[in-house]
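Chemist: Under our numbering, the residues of the sequence shown are numbered -3 to 150, in order.
Keep in mind the hints are simulated off the structure, nothing from the lab. All residues carry an ideal CB built from backbone N, CA and C; glycine is no exception. Mixed in with the good hints there might be a few duds.
Derived SDA-like pairs (lysine to any residue); straight-line CA-CA distance at most 20 Å [as the list claims (entries may be wrong)]: (1) 2 to 56; (2) 57 to 1; (3) 57 to 9; (4) 57 to 11; (5) 57 to 95; (6) 57 to 124; (7) 57 to 3.
Simulated restraints on C-beta separations [said to hold, decoys possible]: (8) 6 to 146: 49 to 55 Å; (9) 76 to 9: 28 to 34 Å; (10) 76 to -1: 14 to 20 Å; (11) 87 to 112: 27 to 33 Å; (12) 80 to 35: 16 to 22 Å; (13) 145 to 112: 35 to 41 Å; (14) 148 to 57: 18 to 24 Å; (15) 35 to 105: 19 to 25 Å; (16) 42 to 125: 44 to 50 Å; (17) 6 to 122: 32 to 38 Å; (18) 146 to 13: 55 to 61 Å; (19) 148 to 118: 38 to 44 Å.
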Amino acid sequence: LAVVLKSAYLCARAIVPGMIARRQGAIVNIASVNGLMGLGEEGYSAAKAGMINLTQNMAIKYGQHGVRANVICPGTIRTPIWQRRLEQHPTIFDDLAAWYPLGRVGEPEDIANAALFLASDEAAWITGATLPVDGGLTAGSFRMARALEAKETG
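Build the full structure now, drawing on both the sequences and the hints.
Modeler: Here you go:
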């Protein structure tokens, strides 16, 4: 908890004064879908939920100074942090992809593109937003919906 929240808070505290002086700036924090829904890993999930709340409070506090704050909540992203799990379970990404309506796990570029948009002038009227970049995972239970559809049509 302390690492995730304190680092974001201290980083913002260091950069926000310059943004306020320029009357513009964009903070883009990274949380997780774990901060939006119960997916286990309660300590990690609580920290990511705290990141969402911290970002919303930054948006409220600094908006009057022209500073925007938004948070991205990634789903499963194919990054090196998964290497140990991948070695133990070579089909883990395929198994996880079955839970996503878009049928795949994310790539780092998916998150980078969302962050680039939120940091850009194209997002000038967006602040305090929580953006799931998760292939539809938080839209609902894809597998449950498919099972119910199959029973209704079968």
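Chemist: Now tell me, hint by hint, if it's right for this structure.
Modeler: Hints, verified against the model:
1. For the hint linking residue 2 to residue 56, the alpha-carbon distance of about 19 Å falls within 20 Å, and the restraint holds.
2. Restraint check for residue 57 and residue 1: the C-alpha separation of about 17 Å stays at or below 20 Å, so the hint holds.
3. Taking the CA atoms of residue 57 and residue 9, the gap is about 12 Å. The hint holds against a cut of 20 Å.
4. The suggested pairing of residue 57 with residue 11 holds, with an alpha-carbon distance near 14 Å, which does not exceed 20 Å.
5. About 37 Å separates the Cα atoms of residue 57 and residue 95, which puts this hinted pair outside 20 Å; it is violated.
6. Annotation: proposed proximity of residue 57 to residue 124 holds, straight-line Cα distance about 10 Å (limit 20 Å).
7. Between residue 57 and residue 3 the alpha-carbon distance is near 18 Å, which keeps this suggested pair within the 20 Å criterion.
8. In this structure the hint that residue 6 and residue 146 lie 49 to 55 Å apart at CB holds, the actual value being about 50 Å.
9. Checked against the hint of 28 to 34 Å, the C-beta distance between residue 76 and residue 9 comes to roughly 29 Å, which is consistent with it.
10. With their beta carbons about 18 Å apart, residue 76 and residue -1 fall inside the hinted range of 14 to 20 Å.
11. The supplied range of 27 to 33 Å is met by residue 87 and residue 112, whose beta-carbon atoms lie about 32 Å from each other.
12. About 19 Å separates the C-beta atoms of residue 80 and residue 35, a value consistent with the hinted range of 16 to 22 Å.
13. Range check, residue 145 to residue 112: Cβ separation about 36 Å, and the 35 to 41 Å hint holds.
14. For residue 148 paired with residue 57, a C-beta distance near 48 Å fails the hint of 18 to 24 Å.
15. A hinted range of 19 to 25 Å for the beta carbons of residue 35 and residue 105 is consistent with their spacing of about 23 Å.
16. At about 21 Å, the beta-carbon gap between residue 42 and residue 125 misses the expected band of 44 to 50 Å.
17. Roughly 24 Å separates the CB atoms of residue 6 and residue 122, a value that falls outside the hinted 32 to 38 Å.
18. Distance hint for residue 146 and residue 13: a CB-CB separation of about 57 Å, consistent with the stated range 55 to 61 Å.
19. For the pair residue 148 and residue 118, the supplied restraint of 38 to 44 Å holds, since their beta-carbon distance comes to about 41 Å.
Hints 5, 14, 16 and 17 from the list above are not met by this structure, while the remaining hints are.
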